[in-house]
Amino acid sequence: MSDDPDTAPVVLVADDDEDFLAFLATRLSREPWDLRKASDGQEALDILLTKEIDVAVLDLKMPKLDALNILKSVSREGIQTDIIVVTGYATVESAVLAMRRGAHNFLKKPLKTEELLTIIRRLLDARYPSTRTLAQRLEAYVKDHAYDSGLRIDDLCNHFSISPRYVSKLFRENLGTSFKRIVAGHRVERAKQLIRTGDEPLYSVADKCGFRNYRQLTSTFKNVEGMLPRTYREVCEKT
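Here the sequence shown stands for residues 5 to 243, numbered as in my numbering.
No lab work stands behind these hints: they were computed from the structure.
One should not assume that every hint holds.
[Unchecked claim] Simulated pairs of lysine-lysine, DSBU-like, Cα-Cα distance not exceeding 30 Å: (1) K184 with K147; (2) K226 with K147; (3) K212 with K184; (4) K55 with K41; (5) K65 with K41; (6) K68 with K55; (7) K242 with K196; (8) K55 with K116; (9) K68 with K113.
Just so we're clear, the structure is a prediction, and the values are computed from it rather than from any experiment.
Hey, can you work out the whole structure from these sequences and the hints?
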């Protein structure tokens, strides 16, 4: 997935400590990432060889295969995953060897979760520099389909192959708004145009703008404009 800007970043966490793995997975699952887990080194390597993983967090000492040998295999196969090695048994020698074999970071347990998250985000930002462009593409899609009363956030997820959480994050962080507000804004703007330039019934305006019914037009219009659509029509008729 790392070469496709339309997909959520994929993060792998591998550790044979079940409690630590569960804790870390729970924390990372709050982020807009596609999270994968492995409980031993061989399972982690199998995932790295068969899936496109953006960032992997690997425990140094795991059954079947340790992180140093995983790094060696990853390098040999030309895999471009950014790897963070963590351990409760850090030595200068193991840290140096891990970095020489391609690890981007070497962290000692107990981990500072926010430090790990900062590192992962930085690595992902380097891989996905065009999130604003993707947000703009999402906004353009909404604009083109806003008048379809059946438009749902799932439509964007399916079209761009990203998760609802990632869609919401892109809108919030890049456009300062939400999916629902963008849809409502486009529909209300079109309703205003139809009201200003014609005299068709408001239930017809609602239908043409993607509202389910007149009631939804009324409530949404008031939330956005601070007045009812019929009041807006009266104002337009007086000017």
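Status of each hint after checking the structure:
1. In summary, the hint linking K184 to K147 is supported, as the alpha carbons are separated by about 12 Å, within the 30 Å threshold.
2. Between K226 and K147 the alpha-carbon distance is near 20 Å, which keeps this suggested pair within the 30 Å criterion.
3. With a C-alpha separation of about 18 Å, the suggested pair K212 and K184 falls inside the 30 Å cut-off, and the hint holds.
4. Taking the CA atoms of K55 and K41, the gap is near 12 Å; set against the 30 Å cutoff, the hint holds.
5. Restraint check: the Cα-Cα separation between K65 and K41 comes to about 16 Å, which is no more than 30 Å; the hinted pair holds.
6. Our distance criterion of 30 Å between C-alpha atoms is met by K68 and K55, whose separation comes to about 20 Å.
7. Distance restraint check for K242 and K196: the Cα-Cα separation of roughly 15 Å lies within the 30 Å cut-off, and the hinted pair is therefore satisfied.
8. Of the pairs offered as hints, the one joining K55 and K116 holds, with about 28 Å between alpha carbons and a cut-off of 30 Å not exceeded.
9. For the proposed pair K68 and K113, the alpha carbon gap of about 21 Å is at most 30 Å, so the pair holds.
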